[in-house]
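Generate the whole structure from the sequences, applying the supplied hints.
Residue numbers (full-length UniProt numbering), protein chains in the order written: chain D, 1 to 347; chain E, 1 to 347; chain P, 1 to 347.
To be clear, the hints were calculated from the coordinates, so they are not data collected in a lab.
C-beta: ideal position from N, C-alpha, C; glycine also.
Some clues are possibly wrong.
As the list claims (entries may be wrong) - Pair by pair, the computed Cβ-Cβ distance ranges are:
(1) R274/P to S14/D: 33 to 43 Å
(2) G205/E to S162/D: 36 to 46 Å
(3) K309/E to V178/D: 53 to 63 Å
(4) K17/E to K309/P: 43 to 53 Å
(5) W12/D to G234/P: 49 to 59 Å
(6) K309/D to A22/P: 52 to 62 Å
(7) P125/D to Q195/P: 53 to 63 Å
(8) E236/P to K309/E: 57 to 67 Å
(9) E293/E to A22/P: 19 to 29 Å
(10) K309/D to L311/P: 35 to 45 Å
(11) R274/P to H135/D: 54 to 64 Å
(12) L311/D to D18/E: 47 to 57 Å
(13) D18/E to A304/P: 40 to 50 Å
(14) R327/E to Q85/P: 50 to 60 Å
What the hints assert, rightly or not - In silico lysine to aspartate or glutamate, EDC-like type, Cα no more than 20 Å apart, as pairs:
(15) K309/D to E44/E
(16) K334/D to D112/D
(17) K309/E to D297/E
(18) K309/D to E258/E
(19) K309/P to E44/D
(20) K161/D to E60/E
(21) K309/D to E60/E
(22) K161/D to D297/E
(23) K309/P to E258/D
(24) K225/E to E60/E
(25) K309/E to E28/P
(26) K161/P to E60/D
(27) K161/E to E44/P
(28) K161/P to D18/D
(29) K309/E to E44/P
Claimed, not checked - Stretches of chain E that chain P covers, calculated by requiring three or more beta carbons in the stretch to come under 8 Å of a beta carbon on chain P:
(30) 142-154
(31) 323-333
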Amino acid sequence: MFIRNAWYVGAWASDIKDQPFARTILGEPVVFFRGEDGKVAALEDRCCHRGLPLKFGAIEGNNIVCGYHGATFNCAGKCVAIPGQARIPSAMAVRSYPVVEQDELIWIWTGDVAQADPAQIVSFPFHQEWPHLTHTQHVKCDWKLMIGNLMDLTHLAYIHKSTIGGDPDAHTTAKFEVSPSENGVSFIRWLLNTQPPQMYVDAVGFEGRIDRWMEFEFTAPGSVKQFTGALNVGEEAYEKGPRQGGFALRVFHNVTPETKTSCFYFWSGCHGYRMDEPEVTKTLFAGLRKTFEEDEDILEAQQASLLRKPLPMISTVHDAAVVHAERVMSRRVKQEAEAVSNVVRGA
Amino acid sequence: MFIRNAWYVGAWASDIKDQPFARTILGEPVVFFRGEDGKVAALEDRCCHRGLPLKFGAIEGNNIVCGYHGATFNCAGKCVAIPGQARIPSAMAVRSYPVVEQDELIWIWTGDVAQADPAQIVSFPFHQEWPHLTHTQHVKCDWKLMIGNLMDLTHLAYIHKSTIGGDPDAHTTAKFEVSPSENGVSFIRWLLNTQPPQMYVDAVGFEGRIDRWMEFEFTAPGSVKQFTGALNVGEEAYEKGPRQGGFALRVFHNVTPETKTSCFYFWSGCHGYRMDEPEVTKTLFAGLRKTFEEDEDILEAQQASLLRKPLPMISTVHDAAVVHAERVMSRRVKQEAEAVSNVVRGA
Amino acid sequence: MFIRNAWYVGAWASDIKDQPFARTILGEPVVFFRGEDGKVAALEDRCCHRGLPLKFGAIEGNNIVCGYHGATFNCAGKCVAIPGQARIPSAMAVRSYPVVEQDELIWIWTGDVAQADPAQIVSFPFHQEWPHLTHTQHVKCDWKLMIGNLMDLTHLAYIHKSTIGGDPDAHTTAKFEVSPSENGVSFIRWLLNTQPPQMYVDAVGFEGRIDRWMEFEFTAPGSVKQFTGALNVGEEAYEKGPRQGGFALRVFHNVTPETKTSCFYFWSGCHGYRMDEPEVTKTLFAGLRKTFEEDEDILEAQQASLLRKPLPMISTVHDAAVVHAERVMSRRVKQEAEAVSNVVRGA
Ligand code: FES
Ligand code: FES
Ligand code: FES
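Now the structure itself:
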C-alpha cells in the first residue's frame, strides 16, 4: 500500500526550529528535531520507557529529553542518559530515520536503511533561484488520489472554473503529449491561441491571445515538478522554444502518505517574472492556495465516496498520464512486497 | 434489516430546487435533482469515472455534469457526454432510482425496479386541503424505534409532560382499540371527559372538559397518518361521530432509514380549525416541533443504550400496536430475504 | 482487564443530589440516585422495557420512574409499578449494585455480590478532620497508567517542572524506601536538606532549606493515600519523627476504570497547616488541580501512543513501586479469571 524504499518530504526545513516537530509518516509516528549543531534528526515518536511521544520532550544540545521521566536520546535514537541511573540497558533505544535537508525540504526514508541513497532525491534548484512561498496541506485522501489529480488537467475546467480554469473547450482540444518513463511519467499540454485566464493577465499584462503550456513531470512515489507558462501568440513558444519570458511559474508538488487515507501535500509556487516584487510572490501564492484548496475539497469528497464503495475505475482518453502513474506506483508497491517475501523465504 | 421493495419519502418536493440535493437512503448515496423540465430524478451519488459524488456537479438542462472532469449524466443515469471524447463506453452509467412527486413529497424506490408500482404510495390529500407547515428531522436511531414511538401513546405522559402530556391517568385508563391489518396497524385512543391540554385551549378556546381522540394508522414500512382531535363533552364525538369541528389536527409522519442506526423523520402538521389564520399554522408548527424534538432526544438515547447492549424486550399491555407493527416490519424483511434466496436458487 | 471483586469510588457523595446521576463504571452504565430516605442506590442505567437510560427518569420517593413510559423501579432494581397495568412481570427488573457512602465518597461494587464486604473499603478519616476541596477528572487513559503515574515520582522533575517539581537532582538522589504488601505497595521518598518549592514557601513560610517527604500507599485496585510534608532542616523529621507541623498535605487519590482506555480520577487535597483559613484550602486546591491536569495531558498522550503500538516495557531503577503495583493488579485480574473458570468447570 505504501512504497517504503523511497525518500519522502517529511517537512519544510523551516518547520523544524527549536521545538520537537511531530508528524505521522507512512503510518509511523515520527518526531523531528534540530540539534544545536543545526542538523535535523528524525526519531520514532514514542519513548521506549513508558511510551510517551518524544514530542512532549525538550531539546538539549543534540539530544532530546523525554517529557515524562527524562530519558535522553541522541540523534541516532540511542538512550544516552537515565536520570539517577548509571547503567543504561542496551535495549533502551528508539528507531531513527535517515534524513536529508535539501532545497529547503527535509527528506526522510522509512524503508530499508541500506538502500537509502541521497542521490535519488528529486532536486529542485528553483528554490534557490526564483522567489517563492511554500505551504503544507493536510488532505484526508489516499496519496495516490492526489497524484491522480496532478496527472490530469481536464479537471481545471470544472474544479477550478472560477480560478485558473480558462476556456473549457481549450482544455479538451489541447495538444497533449505523454512521455512515460521507468519511474514516472511526464506530459506537456499546449493551449495554443487561447484566451489568457485573469490570473495570467494580472501577473504579466497579456493584452491578446496567448500560447500556453503546462508541463508536469512525476517521479514516484510523490514528486511532481510543474512548469506552467505562456507567451504571446506569435512568439513561437510551441514551434521553437526556448520558453523564456512571458508568464512562467514553477510549482514543486510533493505528496507524502500519512495514513492509508490521508496525506501531506507540500507545495511551493516560484515565479520567473517580476522576480523582485514581493507583492507578486504573495499574489501568486494566494491564487495557488485558493486553487489547491479547491482540489482538497474535491479529493476528500472523492476519498469518502471510494471508502464507502470502491469503484471499478472507468478511464477516458484524458487519463493517459494518470493511468501510467498508477501503473508505476502499483509496480513499485508490488516489487517491495516481492522483495520482502524473498527475504522471508531466504532467497 | 431494511425493507427494500417499498416507496419511501426521500425529500420534500420543496427541497429539490436548482441545486443537486444529496442524502443517504437505506444506506445508499443518492443525489436528487430537478431538470429544466421540472421533473425530479434520483441517481447514485457517485460518478462512475473517479467516484466523486455527483452532488458537487452542476445541473445543465435535464442532465447533471460531474464537478471533477465533466462527465454528464441524464436522469436515467446514462452518461451522455465526456468532454473531448466522442465515444462513450457503455459501462459509463450510474444507477437511477424510480421517483414520484406526490402530495408535496418526493417518493423513492430503492428495491427491485420491476415491482415499483406508484399506486402503492400512501396518499395524503390533506396537504392540498388544510393549512400546514412541514419539517425534516435527522434522528440518530433505527427507523423501527421511531415507528415504535409513534405506535405508543403512554409516552405522552412522560416525555411530553410539559407540552401535550395532559393528565397522566387519563392516558392509561383510556379506551384503546387496536386494528391490525395485513400491512400495518391502526389504533384509536379515546380520552373521555378529560381536562384539555393548554395547547388545545390556546387553539380553539375550550372552556370545559373535552372528549379527545388520537387515531393513528401505520402503513409499513414508514408512513403513519395521525388524526388528533377533541370536541366538548356532550357533542358525542365518541358515541356518534362524525368528528367534525372542535380541535382537529392531522399529522403525516414518514420515517425513512438512512443507515441501520439513523433515519429521516418527515412530518407535516395540518389544522382543520381557524384555517385562514397563518399565525395558527405557525403556532401549531412550533408546538409540534418542540414535541417531536423531545422524542428525538429520547430516541437517540434509547438507540445508544441498545447499541451498547441489546435488550430482550419485555412488553406491557400498552404495547399492543407497537408489537403488531414490529411483527409486520419483521415479516416484510423476512419475505424479501426469502425472495432473494429463491432467485439465487433459481426457483 | 478489570478487577471486578472490589470497591471503587463511583462518585463524590455531593454529586448525588436530587437528580439521577449517570456514569459508566467498569464498562457498565450505572445510574445513581438518592431516595427521600437519603440513601444512595445504584442501578443498571437501562430500563428493561425499551432500553431508555434511567437517568432520563425522575426520582419519586425512594424509586426512580423511567422517562419514556413510566415504569418505576425501587432501589433494589425491582419494578414496582407499570402505569395502567396491575400485574408486573417478574422479569421486569434491572440490576442493582451494592453501594456504601463513607468519607464523603460513594463506593460501588460491580462484582460478585456475595463477596461485597464493606470492611474492605479503604478509609480516609482526614476528610472529617482536615479542611479540603475535592475534584473529579475524566482521563482518557487505562486506569493502570494512572496508578503507574502515582507510583513514580521521578516524573515530578519533568512533567511538573513549573509547579511542584523543585530541584531535579534531589528527586533522583533521594532516599527511597519501597514496602510491598499483599494487596498493594507503599513507598516513602525523602528529599533531605533541599530547597523548598515555591508552593511550600507560600503555604507555610519556610525561610531556609527543608527535609521533605512524600509517602504513598497504594491499595489495589484504585486507592492511593498520599502524605506529603516538610519540616525545617534540624527538626529531625527523618531521624525521629513524628512528622508533625510544618508543611503537611494529604491527598486521597482514587482511580475508577470507565472503559479499557478511560477512567475517573477522584482526588481531595487536605491540609494540616493554617486549618482555619479557607483561602489556604483554595490555593492548595488550585495548585493541585494545575499539577494533576499536567498529568492528565501526559497520560492521555501516553495512552494514545500505546494504543497505536503497545510497548515491551523497559523499566528503570526508579520503577520499583510501579512494577510492584503492576504485579499486584495483574495477579488480581488473573485470580478473578481463574475463579470464573473454576465456576464454569463446576470446581
Ligand atoms: S516515558 Fe519517557 S522517560 Fe519514561
Ligand atoms: S469523477 Fe466524475 S468525471 Fe471524473
Ligand atoms: S423504556 Fe422505560 S418504561 Fe418504557
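To see whether the hints hold, each was checked on the structure:
At about 52 Å, the CB distance of R274/P to S14/D disagrees with the hint of 33 to 43 Å. Under the hint 36 to 46 Å, the C-beta atoms of G205/E and S162/D, about 57 Å apart, miss the expected range. Distance hint check: the CB atoms of K309/E and V178/D are about 58 Å apart, consistent with the given range 53 to 63 Å. Distance hint check: the CB atoms of K17/E and K309/P are about 50 Å apart, consistent with the given range 43 to 53 Å.
Our hint of 49 to 59 Å for W12/D and G234/P holds, since their Cβ atoms are close to 58 Å apart. At roughly 38 Å, the beta carbons of K309/D and A22/P sit outside the given window of 52 to 62 Å. Distance hint for P125/D and Q195/P: a CB-CB separation of about 56 Å, consistent with the stated range 53 to 63 Å. A beta carbon spacing of about 59 Å between E236/P and K309/E agrees with the range 57 to 67 Å that was offered as a hint.
Evaluation of the 19 to 29 Å hint for E293/E and A22/P yields a pass: the beta carbon distance comes to about 21 Å. Against the hinted window of 35 to 45 Å, the Cβ-Cβ separation of K309/D and L311/P comes to about 37 Å, which satisfies the hint. Evaluation of the 54 to 64 Å hint for R274/P and H135/D yields a pass: the beta carbon distance comes to about 56 Å. Distance hint check for L311/D and D18/E: the Cβ-Cβ separation is about 28 Å, which falls outside the suggested range of 47 to 57 Å.
Checking the proposed 40 to 50 Å range against D18/E and A304/P shows it holds: the Cβ atoms sit about 46 Å from each other. Distance hint check for R327/E and Q85/P: the Cβ-Cβ separation is about 21 Å, which falls outside the suggested range of 50 to 60 Å. For the hint pairing K309/D with E44/E, the CA-to-CA distance comes to about 12 Å; that is within 20 Å, so the pair holds. Annotation: proposed proximity of K334/D to D112/D holds, straight-line Cα distance about 16 Å (limit 20 Å).
Note on K309/E and D297/E: the hinted pairing holds, with a Cα-Cα distance of about 19 Å set against a maximum of 20 Å. Restraint check for K309/D and E258/E: satisfied, since their Cα atoms lie roughly 16 Å apart, inside the 20 Å limit. At roughly 12 Å between alpha-carbon atoms, K309/P and E44/D fall within 20 Å of each other, so this suggested pair holds. Restraint check for K161/D and E60/E: satisfied, since their Cα atoms lie roughly 15 Å apart, inside the 20 Å limit.
Pair hint K309/D plus E60/E does not hold up; C-alpha atoms about 27 Å apart against a cutoff of 20 Å. Restraint check for K161/D and D297/E: the C-alpha separation of about 43 Å exceeds 20 Å, so the hint is violated. With a CA separation close to 16 Å, the supplied pair K309/P and E258/D stays within the 20 Å bound. Between K225/E and E60/E, the direct Cα distance comes to roughly 38 Å. Violation of the 20 Å bound is thereby established for this hinted pair.
Of the pairs offered as hints, the one joining K309/E and E28/P holds, with about 10 Å between alpha carbons and a cut-off of 20 Å not exceeded. The suggested pairing of K161/P with E60/D holds, with an alpha-carbon distance near 15 Å, which does not exceed 20 Å. Simply put, K161/E and E44/P have alpha-carbon atoms about 24 Å apart, too far for the 20 Å limit, and the pair is violated. Note on K161/P and D18/D: the hinted pairing holds, with a Cα-Cα distance of about 19 Å set against a maximum of 20 Å.
Of the supplied pair hints, the one linking K309/E and E44/P holds, its CA atoms being roughly 12 Å apart against a limit of 20 Å. Counting residues of the region 142-154 of chain E whose CB lies closer than 8 Å to any CB of chain P gives 3, which reaches the minimum of 3, so the coverage claim holds. Here's how the region 323-333 of chain E fares: 0 of its residues keep a CB closer than 8 Å to some CB of chain P, so the rule of at least three is not met and the hint is violated.
Hints 1, 2, 6, 12, 14, 21, 22, 24, 27, 31 from the earlier list are contradicted by this structure; the remaining hints agree with it.
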